[in-house]
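Chain order of the listed sequences is C and P. Per the numbering used here, the very first residue in the first sequence carries number 1; after that it's consecutive. Per the numbering used here, the very first residue in the second sequence carries number 1; after that it's consecutive.
In case anyone wonders, no lab produced these hints; they're calculated from the structure. Incorrect hints may have been included.
Unchecked claim - Computed cross-link-like contacts, EDC-like style, restricted to lysine to aspartate or glutamate with a CA-CA straight-line distance of at most 16 Å: (1) P:Lys160 with C:Glu82; (2) P:Lys160 with C:Asp126; (3) P:Lys232 with P:Asp197; (4) P:Lys46 with P:Asp244; (5) P:Lys187 with P:Glu172; (6) C:Lys119 with C:Asp154; (7) C:Lys200 with P:Asp197; (8) C:Lys125 with C:Asp154; (9) P:Lys222 with P:Asp142; (10) C:Lys95 with C:Asp35; (11) C:Lys18 with C:Asp35; (12) C:Lys130 with P:Glu156.
Unchecked claim - If you want the footprint, here are the derived chain P segments under chain C, 3+ residues with CB under 8 Å: (13) 38 to 49; (14) 261 to 273.
Where is the CB? At the ideal position from N, CA and C, for every residue including glycine.
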Amino acid sequence: MDNRFLNIALPKGRLGEKVYTMLESAGFGCPGVMDNSRKLIFENVENGVRYFWVKPSDVAIYVERGAADLGVCGKDILLEYEPDIYELLDLGVGKCRMAVAAPKGYVDERERTLRVATKFVNIAKDHYRKAGRQVDIIKLNGSIELAPILGLSDTIVDIVETGTTLKENDLEVIETIVPVSARLICNRPSYKFNSTVIMKLCEALSDIKEKTK
Amino acid sequence: MSISKQNVISDGLMALFSGCGYTQYKMSKFEEYELYAENKAFLPSKSIITFTDTDGRLMALKPDVTLSIIKNFRDEKTEKLYYKESVYRTDRNTHTFAEITQAGIEYIGEVGTVSLSEVLTVAQCALDKISDENVLDVSDLDLLSAVLDRLGVDAETRAKLLFCIEHKNVHEAAAICDGAGVSEENKALLLQIMTLDFDPDKACALLCSLDLGEDWKEKAKKFYNVLSALDKSKLRVDFSVLNDTNYYNGLIFRGYISGVPSAVLSGGQYDMLMRRLRKTSSAVGFAVYLDRLDGLCGKADTPYYDTVILYSDKTDAASVCDIIKYSVSAGMTVKTAKETPDSIKYGKLVDLR
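Chain P on its own, in the form it takes in the complex (with noise of 0.2 Å):
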């Protein structure tokens, strides 16, 4: 029997998380609403599957992983957990409700440089059990704040150079600058943020050389010592990987691997939606989106069985029943069928009909 391909990027990352040191975190299919109600914005898609519950409480489809293990953690200790899920979210594209399979780790605890550098590497080897050609991004949303605070403009002006700096739009993102009365230098410096070199090296140096104040080198250096530990062949500073600043902060990441049209991979640091929820805490974490994978994947191979089985009405079941027995302790597969099935692939054939 063939195992699709999906099946085994799935369990390699299992295997991987879990021999990393992660625990696996098994959570209901359904959680109270209220919780998603309250961080509607944290959420990618805002439709939400509710019901009532035979008790009255109004209850929702998990549409998200991560709220739900932030919920249920206490501020005690560090844990390192995993977990594989689907969550219940509407398409883009066709606006209707599709059920998402899910793996990801998170760090809940005391979040460190080594700690964030830990979850990095995690990334880059499930990207690896996924396809050698790919690519982690990496941002820093505390550092791309620090730079829109220099700016000085209103939260609209603000909101739209977010949109500009995430589609690299720097044309427009230079425009809004003029129009917003910001000066030469704050310009110049937005627009080397967007073109920034991706190497990690060069980009890590350029940030560090920038004249900004101490908390910005303090940050940068920070940025600098978090990349400096992982392997640089497949990784890259891109300031286009952002994510919501009420939710997120410092050390954000999308992985991409060839050949998929979109990211496969996100992740980052969500201090402040551990804040949200009254956890004192900082949490770091990504998922894998394995139904994006499916395009990778390519077709299935034809089923193979080692044995079919041709029966009709008037075939005597014992014959059919004792052939299956035998070659399912064999070790062998089978399968039955009326006609000589012309999807699959099989060994011997045994005509009984």
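Here chain C stands alone, though its shape is the one from the complex (with noise of 0.2 Å):
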């Protein structure tokens, strides 16, 4: 951790993209961040920030373990692996939600063990666990809509968003778990010592949020 520079941890991608346009304007800029080249960190020493882009389910770690002050990530990366952070502020951008589908027409048959396909297992053990279900977990890194097609799982639980990907493969939303947007996360210590400069951040931020609702 580099203590002159507030280090930005953001997610690769069009969220990261859009909330960096958003940091921008609070005031915290930095040439090159969208530019498209290879470089991974990139510093502004006259406002005294440093950002790097991260793999989204990256930016809680670099946070929580102090590489990074602050970082953009999503709701759906902190109820998965609960990292001991701040979560400062909901972006009110990256909106989606965590469901479970399963192909039109399922009906749950309770007397037998749920199986279930997920990336999100903690949450999908939780969501199940509440609900007094007994469940088989199947974890997935990736096509997770693939599982009950092919007979794999009964349901799965993963973010929807528009819902499209679910409608091409015959799935349908049964249950909406939470809903999920983009948060911004603080390192405990970094909170502490740069309390300042991620208050100014903060309410920034804020206002910005609430000028483009």
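Hints in hand, dock the two standalone chains.
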């Protein structure tokens, strides 16, 4: 952790770019961040900010371990990994939902164990534990929609944005677990030692979020 | 020979605790499993390494120090103890067991404003021993519980709100309050506590000004009195510092060092745990997590030896031993090797090959 800079981990992809635009409007811009290059770290000495692009699911780890002071990640990641961080702001972008989906017309046979395919093992486990349902969680790393089609699982627990992929595969949402959006997260000790600038950044982002509502 | 910075810090802490009138408490590496099984929720890690002793008793490698100290405490007089011990817990990232070294103090007996201020002062001094760039965050579970009680929410909602408080998640706390039908006035009170000014004077002024009944006033005043005796330059009031209310009550605190990614010191008042172990006294204490200071200590210095003796299988052993004896008696360091070592520094090279 370099104390001269406020280190911010951004998730690679559209969401990260959208949030960076908000950060730039908040006065925390940095030249080159949006350039289409292979460079991973960008610094702006003038406003003391440093950005790095990381895999979305890794942002929370960078922040929890103090390699980044701040980071932007989806609520899904926070629920799944429960990192020991502060969740300072709901940025109101990257909105989607964590949902249970199944083939159209699916009926849950409660007399047998439910087979659930998901990337989000902890979220699925927690959801069915609260519902008192016995489940067999099948951990997959991608193409979750394939699992019920091929008979690998009865249902899936996954992120649903527009529902187009589900529709194209004859699946439908049967239950929403939790709404998801991008959150601004902060390393605990960093908040103690950089509180003034972090609070300023939060306030500015909050204002921008309100204006774009 | 170089001494690692971690050892220097550890020695400094021991000297501090001893110099403040605390007596060293040495304990065995293991304890009967039953003690931990009955108080699992108190332990930061739920997995415990167990084994069966030769007499058939189920034993455990200590996952915690405080429980062992309380178990042996007698409610007759106040005890001020310090320790440096290893505990065995699972790492939350690797899910494997790790040996963790802790140093800390326990003040058990009659705990009042003065003793609470004293323990907090020792905690501040302990942080100063590690680095000048430190912060001690202080919270009060009694005050927080009083606010949560006013909301009139069920246990599940309360747990969700506590999670939000711990993560400074104001936006979700507000939404949970709305969903649970909490009045606007009580919601505003909770959010006010969550976003309280860090400055101890400002925070205490606000807490004392809240009109929440006599009991609140008394607790807020006590909180103020404890903090007013301390060095406030590195002290902050922050209600995101939380701990299990089944064990802890009143004051709780956490210490941070710039450059270390998580809290290095954690402590609080644990009268509820004392009651669970059938003790009538009060208690407060803290632990410093020495293993978390590894990153702070940086790269170890290259070891230095006054003399390096190079030998082969044909070298006369007596000549090597003579040089070792001479060096030791002269207070010098010496190292033997078959090849010139490249990872050390040395003063004189004696080649006996």
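Going through the hints against the structure:
no.	hint	in the structure
1	P:Lys160 with C:Glu82	holds, 13 Å
2	P:Lys160 with C:Asp126	holds, 14 Å
3	P:Lys232 with P:Asp197	holds, 13 Å
4	P:Lys46 with P:Asp244	holds, 14 Å
5	P:Lys187 with P:Glu172	holds, 12 Å
6	C:Lys119 with C:Asp154	holds, 15 Å
7	C:Lys200 with P:Asp197	holds, 14 Å
8	C:Lys125 with C:Asp154	holds, 15 Å
9	P:Lys222 with P:Asp142	holds, 11 Å
10	C:Lys95 with C:Asp35	violated, 25 Å
11	C:Lys18 with C:Asp35	holds, 14 Å
12	C:Lys130 with P:Glu156	holds, 11 Å
13	38 to 49	violated (count 0)
14	261 to 273	holds (count 3)
Comparing the model with each numbered hint stated earlier shows that hints 10, 13 do not hold.
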